[in-house]
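2 protein chains.
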Amino acid sequence: MSLKIALAQINFVVGNIAANLDHIVATAAYAKTELHADLVVFPELTITGYPAEDLLLRPDFIADANNALYQLADRISDIAIVVGYPETDGERLYNSAAVLHQGVILANYRKQALPNYGVFDEQRYFTAGQQPCVFEFNGQFIGLTICEDVWTGGIIAATQQAGAELVLTLNASPFNAGKIQQREAVICAQAKAANLPLVYVNQVGGQDELIFDGASFVVAADGSIAFRAAEFVEQTSVVEFIGKQPQLANCAPLYPAVASEYHALVLGIKDYVRKNGFKGALLGLSGGIDSALVLALAVDALGAGQVEAVLMPSRYTQDMSNEDAVLEAVALGVKYHSIAIEPAVHAFTQMLSEVFAGTAKDTTEENIQARCRGVILMAMSNKQGKLLLTTGNKSEMSVGYATLYGDMAGGFAPLKDVPKLLVYQLAHYRNSLSAVIPERVITRPPSAELAPDQIDADSLPPYDVLDPILERYVEQDMSAADIIAEGYRPEDVARAVKLVDRNEYKRRQSPPGIKISTRAFGRDRRYPITSGYRGL
Amino acid sequence: MSLKIALAQINFVVGNIAANLDHIVATAAYAKTELHADLVVFPELTITGYPAEDLLLRPDFIADANNALYQLADRISDIAIVVGYPETDGERLYNSAAVLHQGVILANYRKQALPNYGVFDEQRYFTAGQQPCVFEFNGQFIGLTICEDVWTGGIIAATQQAGAELVLTLNASPFNAGKIQQREAVICAQAKAANLPLVYVNQVGGQDELIFDGASFVVAADGSIAFRAAEFVEQTSVVEFIGKQPQLANCAPLYPAVASEYHALVLGIKDYVRKNGFKGALLGLSGGIDSALVLALAVDALGAGQVEAVLMPSRYTQDMSNEDAVLEAVALGVKYHSIAIEPAVHAFTQMLSEVFAGTAKDTTEENIQARCRGVILMAMSNKQGKLLLTTGNKSEMSVGYATLYGDMAGGFAPLKDVPKLLVYQLAHYRNSLSAVIPERVITRPPSAELAPDQIDADSLPPYDVLDPILERYVEQDMSAADIIAEGYRPEDVARAVKLVDRNEYKRRQSPPGIKISTRAFGRDRRYPITSGYRGL
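In order, the protein sequence lines correspond to chains A and B. Taking the working numbering, the leading residue of the first sequence gets 1, the next gets one more, and so forth. Taking the working numbering, the leading residue of the second sequence gets 537, the next gets one more, and so forth.
Isolated chain A (complex conformation):
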């Protein structure tokens, strides 16, 4: 007995129910006419997109989503589809999947395992389902599960006991480096343990801080991968099952780690700009490595014609910074401007001379320079409707080596979750595709150029010391004592930990950025600003 199942790895806009509906209908039509599929599986919460956050608390939104399901049942006739939607029983809300076929709901399943950790808040919105769901289609008994269900022990087994010969999983599983390997390892082991084949369909696309990477796949009952869709792109493919056995189909290769992070960042920028209706992006290009990388990412995401770079030299800017910035802008073919900040810095210095009389120079004067750049960039963003990209990296965000309303001014922060050492790796990766970032930008010591002969190493431990400490403290929740026990110098650890703790207030006002690590600043790491815990 043959059953052709299509995996619809599609890119939604959260909340745009009408557009999502059209996308579902078009994809189902394609799966029917081009792929000759019998059944199409869509990602989790297909109709609303994921995560819809507090939109899910609104009765009008839930009513619209439920009406959309019935419209969809009417619009799909000659193929069966499995779609996710926020089901209401009038009182409680469920994260559900419905099987639609010939105008009726053939089966309905309520997600049992509701993740409420990391970036997930599902227990804020949903009530957990209590039972498995198995439906018969074309003579085959098919079980339904949703995302966290198949990471949780017991749910696949219960679905099997309910009679499933094959399990479908609707997912919205966000990317971080290594997540794809982890996901396949866990799910293949679960399938193998239950001796059941499994069809895993993931969403693709960027949604604020999250990237959904796609890489949907089919596992055979022996735990082997029979099919894998590509990462970071929309793709609708079909896999034929003969009885319980999926027939081998094309397995897209997986990107190496750094390449996958690069492509995640490109997709994140592209979707944030596109889904929010910006007319392109602009950024300040300093001649340093961070803005050099952001420019390359932006061009790869949007095309050179949609990106503008602004050089804003000061008296502390070295000639090589301007030269290298221009070299890259030319190499990438983007329009660039140069606006010296001295007149504004001078004006503020004069205006503040009376209130600052008798005080010593400190970071205040450095911040004024950074904020003058922020005013210029925001003015250009406002005038043109282009998204201002900030260029700060995760190491800087961690320790607060950034100026609020200065270099932190902007609508989106592509490198917010990229530590400095990874910035270098990503730059090397990009140059391996085509050399666009001047070599000197990569090799010179990093500097904010806000004071004479300043380099980052004056204020911070070197990044090859700082980054591993930050990873342990921020991502792994290790204590200072345990980090020191790994051989890091107590003064470096104390310094880093203190700076991370103190700068929560800055991070709270930073633009959203793209999560690529196991713990990103933002919804993934929720710290109080006011905190007396020192942990030293």
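Any given hint could be a false lead.
[Claimed, not checked] So, partial list: chain A residues that the calculated Cβ filter (under 7 Å) puts toward chain B:
| # | residue |
| --- | --- |
| 1 | Arg58 |
| 2 | Gln102 |
| 3 | Thr364 |
[Stated by the list, open to error] Simulated DEER-style distance windows between Cβ atoms:
| # | chain 1 | residue 1 | chain 2 | residue 2 | range |
| --- | --- | --- | --- | --- | --- |
| 4 | A | Ala257 | B | Val769 | 52 to 62 Å |
| 5 | A | Gly385 | B | Glu890 | 11 to 21 Å |
| 6 | B | Gln990 | A | Thr349 | 52 to 62 Å |
| 7 | A | Ala457 | B | Ala555 | 27 to 37 Å |
| 8 | B | Ala840 | A | Thr127 | 49 to 59 Å |
| 9 | B | Gln666 | A | Lys498 | 33 to 43 Å |
| 10 | A | Gln318 | B | Pro981 | 46 to 56 Å |
Hints in this document: simulated from the structure, not taken from any laboratory. Where is the CB? At the ideal position from N, CA and C, for every residue including glycine.
Based on these hints, arrange chain B on the given structure of chain A.
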């Protein structure tokens, strides 16, 4: 049989375990020696403060908190205390209460109802307890509950069935207008239904966006209030129980609504400044009602000597604005400065003249003025270590009538959850105590003064129309259609809803503010920035 129970309504610093421990010990000593209490009840999660957010995910923090409990057991000998702490069994975490007496843990209770809505995320951290806890003390059977437990049907009844003759409740119940009345109504009804007396101890103080208002109370078994502590201040009081009957004690009166909101705001500013170690506060004083109110609040919170005001006139600033700003600064006795922004505005205009050549004036030029003010204020904040208070209100935050990095620049936003109409009421209330805000500030039409003869009503519906629409849309999750059905003009509703939806990106970068409504922007309302839902 007599039992004297002290209610320790105290103010913690989240995460400062050592300081909280000292505070508990000192309060217990006071309750023993001054109040002759037998037992002291402290608020929820006494040892760590509430909410500790993702600090609760750190093994070192949990180990420190659990060690602190054992230290506390050693330090308290001659009185029994009930304290809250994050209990670990090595794997799971519980929101627990322990009764300490003569060096041992007499009883331990795990919170059963874990709120995960609004500002609460307890299911992110804790596992729910499964059973009631009743302990015998001085011949009386006492049940333990924690906060949400006593709002949830069935838990008091189960505690009673387990033998409780009296229920203690440890709480961290955040303020919003009307919350005290709601809290007493619900809890008194629960006590009466179970025919049990109840001792309700609430935390007091500000923690980032939350205010805990205190107002701890004791309910008799007939549902009547036998004692109430004051709102918004630390207070340790004792109530004597003869058998099940609490003896009447002093009931602090409740503030009327507007007064309670005023005192909540004062406490919020005071605790944010104090707990974060700022050397006072400063703000831009425009001559408008918002900054006039923030100045009065700041002085009431910190004292005139800790507050500075900065006038920053432009060519569009009317003389009366400067005059009124000076009048208020003088009336309140605060230091003020006046720095005209024209030189910086002129510099930016020149610097941008080439890239802006041929474009029409728009809000870009208005934003430049606001951002010049932001640079000046942040420079003064950086130089002096004073907290910059923003002055925007909730109506503006809702519709985005504010400039990112301009008037939105600052560390704390006292009026972030105060709609414009309430700003007026609060100003009247403050002037009823002593006239400090010039009458003309209250009576003149509001204006941003960023363009010639500009008033808010040019860009927005009048506030007596806008505010009720915003309350329905933001706080009550009503649909546009339902708001229109209440009689609001479709064009006003459409305008307001569209502006709220579009400006999520601005709010995401706004400073924290003080929650006083049933739904504040921030952790209380979690919307996606990227959203295609229009709901119109």
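Taking the hints in turn, this is what the structure says about them:
{"no.": "1", "hint": "Arg58", "verdict": "holds (5 Å)"}
{"no.": "2", "hint": "Gln102", "verdict": "violated (29 Å)"}
{"no.": "3", "hint": "Thr364", "verdict": "holds (4 Å)"}
{"no.": "4", "hint": "Ala257(A) x Val769(B): 52 to 62 Å", "verdict": "holds (55 Å)"}
{"no.": "5", "hint": "Gly385(A) x Glu890(B): 11 to 21 Å", "verdict": "holds (19 Å)"}
{"no.": "6", "hint": "Gln990(B) x Thr349(A): 52 to 62 Å", "verdict": "violated (30 Å)"}
{"no.": "7", "hint": "Ala457(A) x Ala555(B): 27 to 37 Å", "verdict": "holds (36 Å)"}
{"no.": "8", "hint": "Ala840(B) x Thr127(A): 49 to 59 Å", "verdict": "holds (53 Å)"}
{"no.": "9", "hint": "Gln666(B) x Lys498(A): 33 to 43 Å", "verdict": "holds (40 Å)"}
{"no.": "10", "hint": "Gln318(A) x Pro981(B): 46 to 56 Å", "verdict": "holds (52 Å)"}
Comparing the model with each earlier hint shows violations of hints 2 and 6; every other hint is respected.
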